[in-house]
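Each chain, letter by letter, is given below.
There are 2 protein chains.
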Amino acid sequence: MRDRILEYLKKTDSYISGEELSRHLKVSRAAVWKHIQELRLSGYEIVAVPHLGYHLTACPDKLLPQEISFGLETKSFGKKIYYYDTIGSTMDAAMEAGLKGALEGTVIIAETQTKGRGRLARHWLSPKYKGIYFSLILRPKLLPQETPRLTLLSAVAVCEAIKEVSRLDVNIKWPNDILINEKKLGGILTELSAETDEVRFIVIGIGINVNTDKTQALPHATSLKEENGETISRAALVKAILKRLEINYQIFKKQGFHPIIDKWRHFSSTLGSRIKVTCQKEHIEGEAIDIDMDGGLLVRKDSGFIEKVMAGDVVKLG
Amino acid sequence: MRDRILEYLKKTDSYISGEELSRHLKVSRAAVWKHIQELRLSGYEIVAVPHLGYHLTACPDKLLPQEISFGLETKSFGKKIYYYDTIGSTMDAAMEAGLKGALEGTVIIAETQTKGRGRLARHWLSPKYKGIYFSLILRPKLLPQETPRLTLLSAVAVCEAIKEVSRLDVNIKWPNDILINEKKLGGILTELSAETDEVRFIVIGIGINVNTDKTQALPHATSLKEENGETISRAALVKAILKRLEINYQIFKKQGFHPIIDKWRHFSSTLGSRIKVTCQKEHIEGEAIDIDMDGGLLVRKDSGFIEKVMAGDVVKLG
Numbered sequence: 001m002r003d004r005i006l007e008y009l010k011k012t013d014s015y016i017s018g019e020e021l022s023r024h025l026k027v028s029r030a031a032v033w034k035h036i037q038e039l040r041l042s043g044y045e046i047v048a049v050p051h052l053g054y055h056l057t058a059c060p061d062k063l064l065p066q067e068i069s070f071g072l073e074t075k076s077f078g079k080k081i082y083y084y085d086t087i088g089s090t091m092d093a094a095m096e097a098g099l100k101g102a103l104e105g106t107v108i109i110a111e112t113q114t115k116g117r118g119r120l121a122r123h124w125l126s127p128k129y130k131g132i133y134f135s136l137i138l139r140p141k142l143l144p145q146e147t148p149r150l151t152l153l154s155a156v157a158v159c160e161a162i163k164e165v166s167r168l169d170v171n172i173k174w175p176n177d178i179l180i181n182e183k184k185l186g187g188i189l190t191e192l193s194a195e196t197d198e199v200r201f202i203v204i205g206i207g208i209n210v211n212t213d214k215t216q217a218l219p220h221a222t223s224l225k226e227e228n229g230e231t232i233s234r235a236a237l238v239k240a241i242l243k244r245l246e247i248n249y250q251i252f253k254k255q256g257f258h259p260i261i262d263k264w265r266h267f268s269s270t271l272g273s274r275i276k277v278t279c280q281k282e283h284i285e286g287e288a289i290d291i292d293m294d295g296g297l298l299v300r301k302d303s304g305f306i307e308k309v310m311a312g313d314v315v316k317l318g
Numbered sequence: 001m002r003d004r005i006l007e008y009l010k011k012t013d014s015y016i017s018g019e020e021l022s023r024h025l026k027v028s029r030a031a032v033w034k035h036i037q038e039l040r041l042s043g044y045e046i047v048a049v050p051h052l053g054y055h056l057t058a059c060p061d062k063l064l065p066q067e068i069s070f071g072l073e074t075k076s077f078g079k080k081i082y083y084y085d086t087i088g089s090t091m092d093a094a095m096e097a098g099l100k101g102a103l104e105g106t107v108i109i110a111e112t113q114t115k116g117r118g119r120l121a122r123h124w125l126s127p128k129y130k131g132i133y134f135s136l137i138l139r140p141k142l143l144p145q146e147t148p149r150l151t152l153l154s155a156v157a158v159c160e161a162i163k164e165v166s167r168l169d170v171n172i173k174w175p176n177d178i179l180i181n182e183k184k185l186g187g188i189l190t191e192l193s194a195e196t197d198e199v200r201f202i203v204i205g206i207g208i209n210v211n212t213d214k215t216q217a218l219p220h221a222t223s224l225k226e227e228n229g230e231t232i233s234r235a236a237l238v239k240a241i242l243k244r245l246e247i248n249y250q251i252f253k254k255q256g257f258h259p260i261i262d263k264w265r266h267f268s269s270t271l272g273s274r275i276k277v278t279c280q281k282e283h284i285e286g287e288a289i290d291i292d293m294d295g296g297l298l299v300r301k302d303s304g305f306i307e308k309v310m311a312g313d314v315v316k317l318g
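If you're matching them up, the sequences are chains V and G in order.
This note's numbering numbers the first residue of the first sequence as 1 and each following residue consecutively.
This note's numbering numbers the first residue of the second sequence as 1 and each following residue consecutively.
So here's chain V without its partners, still in its complex pose (with noise of 0.2 Å):
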């Protein structure tokens, strides 16, 4: 019923009254009353004037789930979100999800994390209410050594909605870093639950700094305020990225990885460039020059021999 109020207020350029409303809803003006008390104790600006009714001025710049819900243009992802304020790490919560058989499109979304993790258990800086922290779940039909494709197709979704979004131009550096300018805006991390033969399901991990200040960033990292100059609306931007998400993934179910991996050659800042990847405690250097079916990436050496990574950290040279 809150939702249905805040709808209203959404729709509604100018005042409505309470008695139109408890007329639409079929509920009483007190219990009206009582709604409108709550949304305004969740941060939501709500102005009363009598004969007039009531006005929504403000949303508060929360990422609860109606203000997700509103306006999603997805089929099924984000449209069951578990929302906190806070959480240890929203990866957990949903393997957790996960194996309790959550549908696929699940989210797990939380204003600040205090185990956020990327890759490998690095620790994941999530200042609060700044970034877009969020977890996805899928379930499709995959083998495990097939999952890092489902970290270039987030990639690739993370760069459109943030194109949409905000115009500024985005790369991906393999395998799961968001750049803008060669500096860290974000990340996709890629989790699976599976038998040997089969992914049971995977958690799609989504760090992005938004209006994170300079302050409260590492020194090689960046956020969308920064390159900017403004705000930017978190809401929006996660529901870009669900249906971005969802578009991909639709893509990929249907006809394959190619186009995916078109799209992901596109937003690459990786291929093409005279790299030096980590992979444990193993050097290879060389031009990267692709990426395959798998996901991994394919990397000429000075001998000519192409060798083919399928994880590690990626560095620039010259």
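Keep in mind that the hints were calculated from the coordinates and are not lab data.
Among the clues, some could well be false.
Heads up, the list lumps identical chains together, so a pair's fine if it works in one copy or across two of them.
Claimed, not checked - Capping the alpha-carbon separation at 27 Å, the derived lysine-lysine pairs in DSS-like fashion look like this:
1. 308 with 253
2. 281 with 263
3. 26 with 128
4. 183 with 26
5. 243 with 10
6. 141 with 281
7. 100 with 80
8. 276 with 141
9. 243 with 225
10. 128 with 281
11. 308 with 141
Since the structure of chain V is already known, use the hints to place chain G on it.
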């Protein structure tokens, strides 16, 4: 304390007085009496004779942690045991425990499962007190695609343990079935939780029909009791399996997968036979010639081509 009293009772062939127990264990005789009562309630038959003391005459036919711990020859496998009389699936409980950080070697064991599962979520029958149904948590440094190796390793350990305890001739049907006389005795299930480029933890599930009667088993299944003609101590078998698992796991970590493959070949009922493998909706027919380093089955088709299969159901032909 209860476990220590039990240990004394087990070590003593004749009677041990309450006074002696109370002195050794530094508790009151009333406390000793209370623990004896509790042991009786969990199925231990303990005779008490005035002026002589206590004497253990029978242990319950249960897989209680103290029964498995007693005389367990491992360093870490089975040192922490979660025991359930009835559980949905030991796999689910182990996945949850793994996510919460359970240590390598942790065992989840149950007398029966209401939702026991085999490969590809197939139903697994778990008649109460008749079989062995447990899951073991491992934390090896592996890529997700390397986990099938642990299925093979576990199958080897199970065969070795069954040979040790029963002297029966047992073999392995690729990828995960344990057979006696071409009838199914048990199976191995391997599940993983991972990042795309690093396994977080692996759960090995082992289900074996031990004292299962013919009427409780599926038509093509058998049990150790059926084959051997006598009841087998389930606790002794669990101990033997845990020991063999740990030994083979140490070999794998120190010497790699080769020695494990060699043992596997020895137990294989698949290699050298003409077979049909069904994988999803595809069929491959030919001679099973070997397994490779990934645990995949190599099949020589009539055309002469050798195809590698990573998963599927094998039927022996002719």
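Which earlier hints can't be squared with this structure? Structure breaks hints 2, 3, 4, 10.
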